[in-house]
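Residue numbers (the working numbering), protein chains in the order written: chain A, 1 to 111; chain B, 112 to 224.
Read the hints as simulated data drawn from the structure, not as lab findings. Be a bit skeptical, because a hint or two may be false.
To be verified - Restraint ranges, calculated between C-beta atoms of paired labels, are given here: (1) A:GLU15 with B:GLU193: 39 to 49 Å; (2) A:SER53 with B:ASN190: 22 to 32 Å; (3) B:SER138 with A:ARG42: 18 to 28 Å; (4) A:ASN55 with B:PRO119: 34 to 44 Å; (5) A:SER111 with B:GLU193: 33 to 43 Å; (6) A:ARG61 with B:ARG174: 39 to 49 Å.
Yeah, the Cβ is synthetic: ideal placement off N, Cα and C, and Gly gets one too.
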Amino acid sequence: KNQVEQSPQSLIILEGKNCTLQCNYTVSPFSNLRWYKQDTGRGPVSLTIMTFSENTKSNGRYTATLDADTKQSSLHITASQLSDSASYICVPREYGNKLVFGAGTILRVKS
Amino acid sequence: ETGVTQSPTHLIKTRGQQVTLRCSSQSGHNTVSWYQQALGQGPQFIFQYYREEENGRGNFPPRFSGLQFPNYSSELNVNALELDDSALYLCASSAIGLNTEAFFGQGTRLTVV
Chain A
1 KNQVEQSPQS LIILEGKNCT LQCNYTVSPF SNLRWYKQDT GRGPVSLTIM TFSENTKSNG
61 RYTATLDADT KQSSLHITAS QLSDSASYIC VPREYGNKLV FGAGTILRVK S
Chain B
112 ETGVTQSPTH LIKTRGQQVT LRCSSQSGHN TVSWYQQALG QGPQFIFQYY REEENGRGNF
172 PPRFSGLQFP NYSSELNVNA LELDDSALYL CASSAIGLNT EAFFGQGTRL TVV
């Protein structure tokens, strides 16, 4: 069964600090991996999308890495802001059209 | 704004009733996927529609059904509602293809009492 495990489940950091969220997946065959940000009660919004041949991709203060051999990905957030408080969801895509969602990491940024 | 609109935004139903949720896809997108998100969990895939045909289904019972219309908007129907059906229902629209972006609506919060 395709699975996605994210860690930590939740995280609290001070404004201005950096953090890294982890994702391990067993989706196979695999075509790409996305990271989404989801505010409470809202739909997810895409941050990055990487194909299996890409190792890193940045979107402003967000940098995602991917190791398709070990099936691991990470999302690094630099100089966190209060507005970064949200759930961050790792989403590998099966070769086809099905997105497989992780449970997410809940990030809270404190002032 | 993603251009994907869901209605209604909130809904309260009684156990055993039926409900229809609606999603209008982004212009140019011919694929709509539906997800159920329980509190504290990631979204779970219900099914996907491509050009008015079901194009994949997750592990949901037949009382979850759907439609896609010629303008690519979509409906999710749930019959015989159960308390566990209470969740945020999300739809995502995309163009068919491996690396195309999927854009989500704001969701419909369904509460079954």
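Hint check results:
1. Under the hint 39 to 49 Å, the C-beta atoms of GLU15 (chain A) and GLU193 (chain B), about 42 Å apart, fit the expected range.
2. Take SER53 (chain A) and ASN190 (chain B): their Cβ atoms lie about 44 Å apart, and the range 22 to 32 Å is violated.
3. Checked against the given bound of 18 to 28 Å, the beta carbons of SER138 (chain B) and ARG42 (chain A), roughly 21 Å apart, stay inside it.
4. Roughly 43 Å separates the CB atoms of ASN55 (chain A) and PRO119 (chain B), a value that falls within the hinted 34 to 44 Å.
5. Distance hint check: the CB atoms of SER111 (chain A) and GLU193 (chain B) are about 42 Å apart, consistent with the given range 33 to 43 Å.
6. Between ARG61 (chain A) and ARG174 (chain B), the C-beta spacing of about 44 Å keeps the proposed range 39 to 49 Å intact.
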